[in-house]
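Asker: Sequence:
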Amino acid sequence: MKRFSGSSSAAGLMLGLALLAGPAMAQAPKQAAPAATPLKEATPAAIAAAKEILGMKNASAMYASAVPNIVEQTKNALLQSNLNYQKDLNEVAVIVAKNMAGREKEIGDGMAKIYANEFTEQELKDLVTFYKSPLGQKLLSTEPRAIQFSMSYMNQWAQVFAETVNAAFRGEMKKRGKEI
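With the working numbering as the guide, the letters of the sequence shown map in order to residues 1 to 180.
Since no wrong hints were added, every one of them can be taken at face value.
Simulated pairs of lysine-lysine, DSBU-like, Cα-Cα distance not exceeding 35 Å:
{"no.": "1", "residue 1": "Lys51", "residue 2": "Lys40"}
{"no.": "2", "residue 1": "Lys132", "residue 2": "Lys105"}
{"no.": "3", "residue 1": "Lys57", "residue 2": "Lys113"}
{"no.": "4", "residue 1": "Lys98", "residue 2": "Lys87"}
{"no.": "5", "residue 1": "Lys57", "residue 2": "Lys132"}
{"no.": "6", "residue 1": "Lys98", "residue 2": "Lys40"}
{"no.": "7", "residue 1": "Lys75", "residue 2": "Lys105"}
{"no.": "8", "residue 1": "Lys57", "residue 2": "Lys125"}
{"no.": "9", "residue 1": "Lys125", "residue 2": "Lys51"}
{"no.": "10", "residue 1": "Lys125", "residue 2": "Lys113"}
{"no.": "11", "residue 1": "Lys57", "residue 2": "Lys40"}
{"no.": "12", "residue 1": "Lys113", "residue 2": "Lys132"}
{"no.": "13", "residue 1": "Lys113", "residue 2": "Lys138"}
{"no.": "14", "residue 1": "Lys75", "residue 2": "Lys87"}
{"no.": "15", "residue 1": "Lys51", "residue 2": "Lys132"}
{"no.": "16", "residue 1": "Lys105", "residue 2": "Lys40"}
{"no.": "17", "residue 1": "Lys87", "residue 2": "Lys105"}
{"no.": "18", "residue 1": "Lys57", "residue 2": "Lys105"}
{"no.": "19", "residue 1": "Lys105", "residue 2": "Lys125"}
Have a look at the derived ranges for each label pair, beta carbon to beta carbon:
{"no.": "20", "residue 1": "Leu79", "residue 2": "Gly177", "range": "48 to 58 Å"}
{"no.": "21", "residue 1": "Ala167", "residue 2": "Arg145", "range": "26 to 36 Å"}
{"no.": "22", "residue 1": "Ala36", "residue 2": "Val92", "range": "22 to 32 Å"}
Everything labelled a hint here was simulated from the structure, so no lab data went into it.
Don't be surprised by glycine CBs; every beta carbon is placed ideally from N, CA and C.
Working from the sequences, and respecting the hints, build out all of it.
Answerer: Now the structure itself:
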């Protein structure tokens, strides 16, 4: 049973990582990242409950390929300005990916801390109980499909709406005597 729609969730994460990594790599001078909002100190039990929830939601599917994807993106960015080093960069990418393997777990740890920041320990325990209930199990199994269908609907709506907006632009421009 697939949870957290591997393809759309992973695609969303990779798009986010690409959007974050692309401009950062393109900038010559390194700029400091904006300071993150500090998280409150969470109890070990809250972190454990948050990790259990994320496990039930199979959240790791969202970031499972983050390390190899970022290694590949970095290699490709370096190749753009170092074409003479293609063979070396391809070889180094394998070494870096091997050395960095497993670091994607840091994302899961960070997500657990965020959940523990947003919910109390008791709320997290209640959520674990809920997700173990028949309705919670149904939510876990059907939500990815509902999200997938919702995304598809939103994309279809956006295409139709974009045509409506385009027609409105053309109509307004025609009123001004300008055909576009």
